[in-house]
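Here is how the chains run, residue by residue.
There are 2 protein chains.
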Amino acid sequence: MSTETAASRRPTYTPDSLLEVAVSVFNDRGYDGTSMEDLARAAGITKSSIYHHVKGKEELLERGVNRALDALNGSLDEMEALPDAGELDRVEQAVFRAVQILVEELPYVTLLLRVRGNTEAERAAQDRRREIDRRLAGFVERAAAAGALRADVDPHLASRLVFGMVNSVAEWYRPQRDLAADDVAAAVTQLVFDGLRRR
Amino acid sequence: MSTETAASRRPTYTPDSLLEVAVSVFNDRGYDGTSMEDLARAAGITKSSIYHHVKGKEELLERGVNRALDALNGSLDEMEALPDAGELDRVEQAVFRAVQILVEELPYVTLLLRVRGNTEAERAAQDRRREIDRRLAGFVERAAAAGALRADVDPHLASRLVFGMVNSVAEWYRPQRDLAADDVAAAVTQLVFDGLRRR
DNA sequence: TAGAGTAAACCGAACGGTCGGTCGGTTCCA
DNA sequence: TGGAACCGACCGACCGTTCGGTTTACTCTA
Chain A
1128 MSTETAASRR
1138 PTYTPDSLLE
1148 VAVSVFNDRG
1158 YDGTSMEDLA
1168 RAAGITKSSI
1178 YHHVKGKEEL
1188 LERGVNRALD
1198 ALNGSLDEME
1208 ALPDAGELDR
1218 VEQAVFRAVQ
1228 ILVEELPYVT
1238 LLLRVRGNTE
1248 AERAAQDRRR
1258 EIDRRLAGFV
1268 ERAAAAGALR
1278 ADVDPHLASR
1288 LVFGMVNSVA
1298 EWYRPQRDLA
1308 ADDVAAAVTQ
1318 LVFDGLRRR
Chain B
1128 MSTETAASRR
1138 PTYTPDSLLE
1148 VAVSVFNDRG
1158 YDGTSMEDLA
1168 RAAGITKSSI
1178 YHHVKGKEEL
1188 LERGVNRALD
1198 ALNGSLDEME
1208 ALPDAGELDR
1218 VEQAVFRAVQ
1228 ILVEELPYVT
1238 LLLRVRGNTE
1248 AERAAQDRRR
1258 EIDRRLAGFV
1268 ERAAAAGALR
1278 ADVDPHLASR
1288 LVFGMVNSVA
1298 EWYRPQRDLA
1308 ADDVAAAVTQ
1318 LVFDGLRRR
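Respectively, the protein sequence lines represent chains A and B.
Per the numbering used here, residue 1128 is the first one in the first sequence, and the count goes up by one each step.
Per the numbering used here, residue 1128 is the first one in the second sequence, and the count goes up by one each step.
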């Protein structure tokens, strides 16, 4: 809007377009396994040019994970605005939306899910992620308290397992090759609520 | 058995006991994020002493992931020896056993699940893992072909999701703090086959 | 419209530091 | 006394980052 000139013909980098390249390489080789030289090669510019756009390697990680965290938090806000009546509906919505966002923001969520706690930025991301997990677990617990879920599985454990399944989609999903996001989201939701067994 | 002397009083390292320390640090900081100095500090010996026990950093990774792969392959062999009649039983067994092994060999399986493809050893591990995933998917497909599973979810997708849930246990399970392995395995199996919904 | 001026985008070379790994020993115990 | 276990010093390579400078695209002015 401001930095890029009117003609969009020029293939120059903005912090955001560089981020896209960087996150892709991070997901390929792992953050620690990626050198600035790797990033430069993938972007088609030199190592030093990267520093014209961002402060350093860690800023790229921070921007990447925050994009995922913001998207996830946003959808949780919507979910909490839902009427208090349908506690089971809310969990179903949460599962479905979680898959949708994971697919929509696949590279960024993938990066987030793999963060270790080696630097301050990574620990901050882990903290924000834990808060999200806590809010999701809250939905499951409220549904359990309302008697909408089976009683023989601990809600906290169930929440971990369900969103573990959701997050595992990031390990294999490829936009072109695989089903549409909503089809995967539907399959996950069906499996989570009604199981694999034939009825 | 052979390398360690009779008196077990001496806290000297064998390749295996060193591996245990190394894998723990790998899981903490990530393989690429772990320096030999980190390993030395955690083991209480110097960097150079590590090379008395193993050839290098990559051998530690290789030994670690192979321990997990061998355990998983072993249980798959048992599973394939089961009678051809109970196709649904076989899948149920596979899920249950997968959780058991994941917990039994937690650090090694965790390491395996996080392997990227940066070196030859890592790519070899990924190949062996993919073969395991293929065998597991085969069980699910056979059960689906036998009409034991719901027909509205693709068996291949179902397999990915189910074992995605299984593997996600490695992200949070801590032996002391959490339920016994069999209890987690039972919860996963129940969720996978009968779902979260109250009946 | 030629040309001066400007700022973004980019580059090559080099920095101090850390990496995985090697080497020539010393210690310790059977 | 011999070998297993270990150590301190060191190596070349590579790491993330910095620096001084060049190129490029565009605007302003005479």
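Incorrect hints may appear among the rest.
[Said to hold, decoys possible] Here are the simulated distance ranges between beta carbons: (1) Arg1250(B) / Ala1307(A): 28 to 38 Å; (2) Arg1324(B) / Ala1208(A): 16 to 26 Å; (3) Gly1171(B) / Thr1139(A): 44 to 54 Å; (4) Leu1306(B) / Ser1175(A): 51 to 61 Å; (5) Gly1213(A) / Gly1201(B): 26 to 36 Å; (6) Glu1205(A) / Glu1164(B): 41 to 51 Å; (7) Ala1313(B) / Asp1260(A): 15 to 25 Å; (8) Asp1309(A) / Ala1251(B): 54 to 64 Å; (9) Pro1142(A) / Asp1216(B): 51 to 61 Å; (10) Gln1227(B) / Tyr1178(A): 45 to 55 Å.
Calculated from the structure, these hints are not laboratory results.
In this text the structure is predicted, and so the values were computed from the model without any measurement.
Just so you know, even glycine gets a beta-carbon here, dropped at the ideal spot from N, CA and C.
Hint check results:
1. Arg1250(B) / Ala1307(A): 28 to 38 Å: Holds, since Arg1250(B) and Ala1307(A) (Cβ atoms, about 31 Å apart) stay within the stated range.
2. Arg1324(B) / Ala1208(A): 16 to 26 Å: The hinted range 16 to 26 Å holds for Arg1324(B) and Ala1208(A), with Cβ atoms some 24 Å apart.
3. Gly1171(B) / Thr1139(A): 44 to 54 Å: holds, 52 Å
4. Leu1306(B) / Ser1175(A): 51 to 61 Å: Given range 51 to 61 Å: holds, Cβ gap about 52 Å.
5. Gly1213(A) / Gly1201(B): 26 to 36 Å: 46 Å Cβ-Cβ, so the 26 to 36 Å window is violated.
6. Glu1205(A) / Glu1164(B): 41 to 51 Å: holds, 47 Å
7. Ala1313(B) / Asp1260(A): 15 to 25 Å: Hint holds: Cβ distance 23 Å, inside 15 to 25 Å.
8. Asp1309(A) / Ala1251(B): 54 to 64 Å: Since the Cβ atoms of Asp1309(A) and Ala1251(B) sit about 37 Å apart, the hinted range of 54 to 64 Å is violated.
9. Pro1142(A) / Asp1216(B): 51 to 61 Å: Given range 51 to 61 Å: holds, Cβ gap about 55 Å.
10. Gln1227(B) / Tyr1178(A): 45 to 55 Å: Cβ of Gln1227(B) to Cβ of Tyr1178(A): about 50 Å, so the range 45 to 55 Å holds.
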